[in-house]
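There are 2 protein chains.
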Amino acid sequence: MAKRKTLKQDACPVARGLDVVGDLWSLLIVRDAFDGVRRFSAFQKNLGVARNILSDRLHKLVGHGILAVSPASDGTAYGEYVLTAKGQALFPLLVSLRQWSEQFLYRAGEPHSTLVRQDTGQPVPKLRLVDDTGRALAPADTVVRKLPSGEAA
Amino acid sequence: MAKRKTLKQDACPVARGLDVVGDLWSLLIVRDAFDGVRRFSAFQKNLGVARNILSDRLHKLVGHGILAVSPASDGTAYGEYVLTAKGQALFPLLVSLRQWSEQFLYRAGEPHSTLVRQDTGQPVPKLRLVDDTGRALAPADTVVRKLPSGEAA
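Residue numbers (my numbering), protein chains in the order written: chain A, -16 to 136; chain B, -16 to 136.
These aren't lab readings, by the way, just hints derived from the structure by calculation. Keep in mind that the hints are not guaranteed to be accurate.
Heads up, the list lumps identical chains together, so a pair's fine if it works in one copy or across two of them.
[Claimed, not checked] With a straight-line Cα cutoff of 20 Å, these simulated SDA-like cross-link-like pairs (lysine to any residue) come out:
no., residue 1, residue 2
1, Lys43, Gly117
2, Lys69, Gly46
3, Lys109, His95
4, Lys43, Thr103
5, Lys129, Glu93
6, Lys43, Gln71
7, Lys69, Pro108
8, Lys109, Ala72
9, Lys129, Val99
10, Lys129, Gln101
11, Lys(-9), Asp6
12, Lys69, Asp18
13, Lys109, Asp124
14, Lys109, Gln71
15, Lys69, Pro122
16, Lys109, Asp6
17, Lys28, His42
18, Lys69, Gln101
19, Lys28, Gln101
20, Lys(-9), Leu120
21, Lys43, Leu7
All chains should be modelled from the sequences, with the hints used to inform the complete structure.
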C-alpha cells in the first residue's frame, strides 16, 4: 500500500489541509492567482506544466471552492479563475513558505522575487506567531491537543 | 513533459520552497517531528506510510538540512530524527496550514486536534501578517516584485 487511505477525514487540520493543498502545482496555481493570473493559457505559460495536469488541478481547486470560474473580463468566451475568500485565506500559508524559502534556500545576495507593500514598496515584515499580548510564540511554547481517541497526530 | 524542469533554481521563493517541502509526506513528517516523534518506527506507525516512501522522505529531509540524525536518546543503536533550526523555522507554515484548514475544512463543531499554549492551554491565536505598526496586511496591500528579467512569478 503506497498511500494511506485518505486524509480527508483526518482529525488533524494539518493533514486535512495537505489533502487539499499539499500539491506542488495546486499551490503554484494559487500563487499565480494572487499575482493576478486568471486565464488557463496564462497559468500554462507561467508554470510550464502539461495541460492535462493544469486542467486537473484547476478543476480540483474549483471543486474545493478555492478558485471560482467567472466570465471573462474582456467579454470573450474564455472563463477566468479567481480566488474565493477561501482561496484568499491561503495568503499567510504562501507568505510563510516564501519567507522560509528566502531565509534558507538562497545564497547571500542571490536575487529573488520579493513581496513588498503596494503603497510603500517596502518588504513585507516576517510573519510571526504571537500571543494576545504580542509576545512571540515559539514551537516549544505550544503543544497539539489531540482528540481523546488519540487517533491521528 | 509531465513536469517542469526543476524549481530548485527558481527566482520565486514560493516555487523554490515547494521544491523542498511541497510534498504531502514531507510536511506530515515535519508535523510529527514537532510533536516529538523521532523514530523511524514511530513515524511509520503514525503516518501509515509505506517504509520505502518514509525512508525516501526522511533521507530527503536530512539532505535538505531540515532534519538531523542524532544518536538514540536511550542508548540503543537506532538513530533519531530531530528538527534542525531550518526545520523548526517551518513552524509558521504548518500553523498557517492548520489554521486555514480549521477554518474551512471542518464542519461547525466537528472535532479536531488543536494547537494550544503549553503554559495556559489556551488556543494559539490566528497568525496574522502585519506591518511594522501592527496593522493587518491583506493580499491586496502587497505585490510581488519580480526580477528585472521578468522570469518566474
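Consistency of the hints with the structure:
| no. | hint | result |
| --- | --- | --- |
| 1 | Lys43 x Gly117 | neither (37 Å within a copy, 36 Å between copies) |
| 2 | Lys69 x Gly46 | within (12 Å within a copy, 34 Å between copies) |
| 3 | Lys109 x His95 | within (16 Å within a copy, 28 Å between copies) |
| 4 | Lys43 x Thr103 | neither (36 Å within a copy, 39 Å between copies) |
| 5 | Lys129 x Glu93 | between (41 Å within a copy, 13 Å between copies) |
| 6 | Lys43 x Gln71 | within (16 Å within a copy, 31 Å between copies) |
| 7 | Lys69 x Pro108 | between (23 Å within a copy, 19 Å between copies) |
| 8 | Lys109 x Ala72 | both (17 Å within a copy, 12 Å between copies) |
| 9 | Lys129 x Val99 | between (37 Å within a copy, 10 Å between copies) |
| 10 | Lys129 x Gln101 | between (40 Å within a copy, 13 Å between copies) |
| 11 | Lys(-9) x Asp6 | both (14 Å within a copy, 16 Å between copies) |
| 12 | Lys69 x Asp18 | within (16 Å within a copy, 27 Å between copies) |
| 13 | Lys109 x Asp124 | both (19 Å within a copy, 15 Å between copies) |
| 14 | Lys109 x Gln71 | both (19 Å within a copy, 15 Å between copies) |
| 15 | Lys69 x Pro122 | between (26 Å within a copy, 13 Å between copies) |
| 16 | Lys109 x Asp6 | neither (24 Å within a copy, 24 Å between copies) |
| 17 | Lys28 x His42 | within (18 Å within a copy, 33 Å between copies) |
| 18 | Lys69 x Gln101 | neither (22 Å within a copy, 29 Å between copies) |
| 19 | Lys28 x Gln101 | neither (25 Å within a copy, 47 Å between copies) |
| 20 | Lys(-9) x Leu120 | neither (29 Å within a copy, 31 Å between copies) |
| 21 | Lys43 x Leu7 | both (13 Å within a copy, 16 Å between copies) |
Hint compliance for this structure: hints 1, 4, 16, 18, 19 and 20 are broken, all remaining hints hold.
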